[in-house]
Amino acid sequence: MDTFAFAVVNGLLYGMLLFMLASGLTLIFSLMGVLNFAHASFFMLGAYFAYQLSSIGNFWMGLVLAPLLVGLLGATVERYGLRVVHRHGHVAELLFTFGLAYLIEELVRLVWGRQPVPYRIPEVLDFPLFSIGGIDYSAYRAFMFAIAVLMFLGLLALLKRTRVGLMVQAALSHPDVLWALGHNVPRLFMLVFGGGVALAGLAGVIGGNYLVTEPGMAHQMGTILFVIVVFGGLGSLLGAFLASILIGILQTLMVAFDGTLTDLVVSLGAAAPQATGPFREIWTITPANLAPVLPYLLLVVLLIVRPRGLLGTRET
Amino acid sequence: MMTASGPALSIRDLHKDFGAAQIIRGISLDVREGSFHAVIGPNGAGKSTFFNLISGRFAPTSGKILLGDTQISGMRPYRINRLGLSRSFQITNIFNEMSVFENIRCALMWPGRAGYCFWRRASGYRRIGAEAERLIEEIGLSARAGEKAGNLSYAEQRALEVGMTIAGDARVLLFDEPTAGMNHNEVEQFSGFLRKVAVGRTVMMVEHDMNVVFSLADRVSVLVYGQIIATGTPEEIRQDPAVREAYLGAEA
Amino acid sequence: MTRSVSFLLLGLLALSAALALPLVSDSRFLTLFLTQLAVMVTFAMSYNVLLGQTGLLSFGHAVYFGGGVFAALYLITAIGGGALALPLEFIPLGGALAGLAMAAVLGLVSVRRAGTTFAMISLGMAELITAAAMVFPSVFGGEQGVSTDRMVDVTLTGLGYGRPSEIYLLVLVWALVSVALMVFLSRSPLGRMANAVRDNPQRVEFLGYDPYWIRFLQFCIAGTFAGLAGSLFALTFEIANAEVFGLRTSANVLIATYLGGITYVLGPVVGAFVVLLLELNLARITDAWLFYYGLLFLAIILFAPRGLTGILAELPGALRRHGAAGCLRRALVWGPAVLSGLVGGVMLVELSYHLSNSFDPSDPLRLFWRDVDATNWGVWALALGACALSAALVLRARRGGRRPEVVVTPLVEEGS
Numbered sequence: 001m002d003t004f005a006f007a008v009v010n011g012l013l014y015g016m017l018l019f020m021l022a023s024g025l026t027l028i029f030s031l032m033g034v035l036n037f038a039h040a041s042f043f044m045l046g047a048y049f050a051y052q053l054s055s056i057g058n059f060w061m062g063l064v065l066a067p068l069l070v071g072l073l074g075a076t077v078e079r080y081g082l083r084v085v086h087r088h089g090h091v092a093e094l095l096f097t098f099g100l101a102y103l104i105e106e107l108v109r110l111v112w113g114r115q116p117v118p119y120r121i122p123e124v125l126d127f128p129l130f131s132i133g134g135i136d137y138s139a140y141r142a143f144m145f146a147i148a149v150l151m152f153l154g155l156l157a158l159l160k161r162t163r164v165g166l167m168v169q170a171a172l173s174h175p176d177v178l179w180a181l182g183h184n185v186p187r188l189f190m191l192v193f194g195g196g197v198a199l200a201g202l203a204g205v206i207g208g209n210y211l212v213t214e215p216g217m218a219h220q221m222g223t224i225l226f227v228i229v230v231f232g233g234l235g236s237l238l239g240a241f242l243a244s245i246l247i248g249i250l251q252t253l254m255v256a257f258d259g260t261l262t263d264l265v266v267s268l269g270a271a272a273p274q275a276t277g278p279f280r281e282i283w284t285i286t287p288a289n290l291a292p293v294l295p296y297l298l299l300v301v302l303l304i305v306r307p308r309g310l311l312g313t314r315e316t
Numbered sequence: 001m002m003t004a005s006g007p008a009l010s011i012r013d014l015h016k017d018f019g020a021a022q023i024i025r026g027i028s029l030d031v032r033e034g035s036f037h038a039v040i041g042p043n044g045a046g047k048s049t050f051f052n053l054i055s056g057r058f059a060p061t062s063g064k065i066l067l068g069d070t071q072i073s074g075m076r077p078y079r080i081n082r083l084g085l086s087r088s089f090q091i092t093n094i095f096n097e098m099s100v101f102e103n104i105r106c107a108l109m110w111p112g113r114a115g116y117c118f119w120r121r122a123s124g125y126r127r128i129g130a131e132a133e134r135l136i137e138e139i140g141l142s143a144r145a146g147e148k149a150g151n152l153s154y155a156e157q158r159a160l161e162v163g164m165t166i167a168g169d170a171r172v173l174l175f176d177e178p179t180a181g182m183n184h185n186e187v188e189q190f191s192g193f194l195r196k197v198a199v200g201r202t203v204m205m206v207e208h209d210m211n212v213v214f215s216l217a218d219r220v221s222v223l224v225y226g227q228i229i230a231t232g233t234p235e236e237i238r239q240d241p242a243v244r245e246a247y248l249g250a251e252a
Numbered sequence: 001m002t003r004s005v006s007f008l009l010l011g012l013l014a015l016s017a018a019l020a021l022p023l024v025s026d027s028r029f030l031t032l033f034l035t036q037l038a039v040m041v042t043f044a045m046s047y048n049v050l051l052g053q054t055g056l057l058s059f060g061h062a063v064y065f066g067g068g069v070f071a072a073l074y075l076i077t078a079i080g081g082g083a084l085a086l087p088l089e090f091i092p093l094g095g096a097l098a099g100l101a102m103a104a105v106l107g108l109v110s111v112r113r114a115g116t117t118f119a120m121i122s123l124g125m126a127e128l129i130t131a132a133a134m135v136f137p138s139v140f141g142g143e144q145g146v147s148t149d150r151m152v153d154v155t156l157t158g159l160g161y162g163r164p165s166e167i168y169l170l171v172l173v174w175a176l177v178s179v180a181l182m183v184f185l186s187r188s189p190l191g192r193m194a195n196a197v198r199d200n201p202q203r204v205e206f207l208g209y210d211p212y213w214i215r216f217l218q219f220c221i222a223g224t225f226a227g228l229a230g231s232l233f234a235l236t237f238e239i240a241n242a243e244v245f246g247l248r249t250s251a252n253v254l255i256a257t258y259l260g261g262i263t264y265v266l267g268p269v270v271g272a273f274v275v276l277l278l279e280l281n282l283a284r285i286t287d288a289w290l291f292y293y294g295l296l297f298l299a300i301i302l303f304a305p306r307g308l309t310g311i312l313a314e315l316p317g318a319l320r321r322h323g324a325a326g327c328l329r330r331a332l333v334w335g336p337a338v339l340s341g342l343v344g345g346v347m348l349v350e351l352s353y354h355l356s357n358s359f360d361p362s363d364p365l366r367l368f369w370r371d372v373d374a375t376n377w378g379v380w381a382l383a384l385g386a387c388a389l390s391a392a393l394v395l396r397a398r399r400g401g402r403r404p405e406v407v408v409t410p411l412v413e414e415g416s
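Protein chains in written order, with the working numbering: chain A, 1 to 316; chain B, 1 to 252; chain C, 1 to 416.
No wet-lab data here; the hints were simulated from the structure. Some clues are possibly wrong.
Claimed, not checked - Distance windows between CB atoms, simulated: (1) A:P273 with C:A299: 53 to 59 Å; (2) C:G378 with A:Q169: 30 to 36 Å; (3) A:A157 with B:A242: 48 to 54 Å.
Stated by the list, open to error - Computed far set for chain C versus chain A, every beta-carbon distance over 10 Å: (4) C220; (5) T236; (6) F291.
We treat Cβ as the ideally placed atom computed from N, Cα and C, and that holds for glycine.
The following block holds chain A by itself, in its conformation from the complex:
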């Protein structure tokens, strides 16, 4: 039971981390109609920047400065890249961000090398907060949780209370209204892109040392991320939230459990099947083996049942 509880809590945390990325991605998509393929690359940059800053100064400096740097970079990319390809349509924009993701990955290899960098949890937070059934729960995880929750509250306040937030909200529910409002739309785009990407950077800062900071982390995170936004329904914040938590918890749970089809058959009272021939692994796969496949499987199943995603309303 304790293992189960721990898996759920860890899954929740992973889900929150996913949503920190998915929320920015969704905001950008809703407003600009472009799915930022490089979103997870900015997440990775956040982690690397934080590593660099914490090796010069300390973790807290990274926590504040790295997201800002990432946001600034994002705004520059929007201004001088995305805006240029905008007139060629959404496919060109998607291609551009895809090329950007490719380039950022190579850039990271260029500057920090192929191997993981030793980006560590700050010592102040490196102690067990409490322990249940002999398993420690680290203070850093609680800290991550707090940051994620703070970020959502901040985002919510921003959306509800500020002018920019109101415009974004208007755009979320009625995408075509924005142009009629007559605001400075290009500047809004730059702001939201920079802001959304900065959130991904923040997730990178607190997630980079929790996971591993290495050049492959963007690809790993990115593909899950796209599953989440499509699963939740492109453009739906709530859908993205539900999908993040669901996939976060499911993936963590899968790793925590074992047992195979053979076990199942045996427990049902039948003889253990002969594992021969092609695809014989089917009898011996554990849920942990399947964890990487699961999000994609879920996506495909959902798309068969409900092509527009969990809470999606928008045609693309």
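Chains B and C: place on chain A using the hints.
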């Protein structure tokens, strides 16, 4: 050609809601075979939604639409089109990256029985090619046949839009504000063209320009807030006090 | 029409060169290069059936390629073991069938949506297949993969296919047939309607066609030829592992196709050629070649959306507009700026690569035919200097570029 048989299009108690907003609130209407039927009404009355329901772009919330004897409400647009109903769009809706000729040819493919064929060359369908050339001549774009549609002027794009709508053998044509954005001369020229096109077919048209409506249409329906408040000959509509109050009066 | 004629001539020229080259020289490298080119061209052309013709941006085309690869590997083994009496020359049919079958099944779900959603679904599908293939080493061979031996007894021509030039001929013939078929298909009613779906799927629905069905058929065609390309790959290399399904393969074909130019029928051919050339040559010179590759891709998206073929096709027009002297002047203004920027940029990239990726950073680095020490600040200053020079030149060229327009305007007014 004008026979007095059953209605070409018959609509029964049509409703359409978008969430809480009721846009179409119970329309019943018969469009006679061979008639030129105009739908007029103030902005936001639901005229475009009405056309979108008939042509299958939206599925109605409730109600029936019959094309001849076939119930078409809720059908996908391509199936309705195959049954002989073709429409134009208020906002020009063409294939920008393709030439004028190819635009028209695409509109003739299904009626020309090319289907999803991939084992023959498109240029091998001589009848489709000849018909496309004839049609391009008719809409006055012969000199521009090889030009990319996206490079045409606005008026030329409108002509192409209508050309694509009348391509093929659709018995019922829907025109959604065909003269939108045209200047006086162009409108005049275009009305003559529409009159020619309408011969032998049933036409429904949403139009703001009252001169066009009263010179072309033999039946007029007035749509206000999702309901039809009057249907009759242009003369009857002009005289109708309710219409004058709701619509014409407001504009005068 | 003249454009397609010149393309045809160019194609014939390239074809005769492709046939003659391995006969003239017996360089193994050249033969292997041409074989790979033929495979890549087929694959890229099949990708463009989706992207260029139907407007579907896929991140998972490698799935169908991979399907063809493994189908062919198993078929070749079956022929070699005597279990199957199919001549080796017909292996690509098996690959095509495998690609078609996979596309027909996965396509049912994939093409329900176009645009961004389709792109994401294709990515999800590819990850699903890749991850699943990793789980089943009994079929896909795990890390070391599945291998076979193409030297079987059952052949149509009597060739043993042991020599690279023999397999090259086989691959070339199939590649040519595929390219010809794909060009033919693009001109069929389906191909034309696919263009219409690419431009405006909504309008297509009001012309009697179901865009879903058009996308699905195009998806199947693309899958079929991707599978065929995969089987050509299997015939050439005789080995593959599950990574062939992955994003790297899909990204590669996407980049090659786009670099070549998706709006031209034979654009992917140009793209495949350039990418392969870069891959084989740049990779020998520098470890940072993927970075340059990505940079080139971004530059094309930003500045030349019609790809390299587009640049080539627009050159004669530009020459005519500005005249030879005008073009030369432009080249003189922009050339030094671009050149110094390239030199500075390449130096920076190579230096940082060396510093962060080599075993001992103070080892000498071979840079522009000279050994340099990457830990010495002097080289860095030189690199930065070149970049600064380039920036200054660009600024000047921009200012200079505006001046002629000011001169031209009054001339036009006088004339009219």
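#### Entry: Consistency of beta-carbon spacing, A299 of chain C to P273 of chain A, with hint 53 to 59 Å
holds, 56 Å
### Task
For the range 30 to 36 Å, tell me whether the beta carbons of G378 of chain C and Q169 of chain A fit it or not.
Check failed, 55 Å falls outside 30 to 36 Å.
### Task
Look at the Cβ atoms of A157 of chain A and A242 of chain B and judge whether their distance stays inside 48 to 54 Å.
For A242 of chain B against A157 of chain A, whose Cβ atoms are near 52 Å apart, the range 48 to 54 Å holds.
### Message
Would the non-interface assignment of T236 of chain C survive a Cβ cutoff of 10 Å against chain A?
### Response
holds, 24 Å
### Query
Does F291 of chain C really sit off the interface, with its C-beta more than 10 Å from all C-beta atoms of chain A?
violated, 4 Å
#### Entry: 10 Å cut-off, C-beta based - C220 of chain C kept clear of every residue in chain A
It holds; C220 of chain C is separated from chain A by about 18 Å at its closest Cβ, greater than 10 Å.
Comparing the model with each earlier hint shows violations of hints 2 and 6; every other hint is respected.
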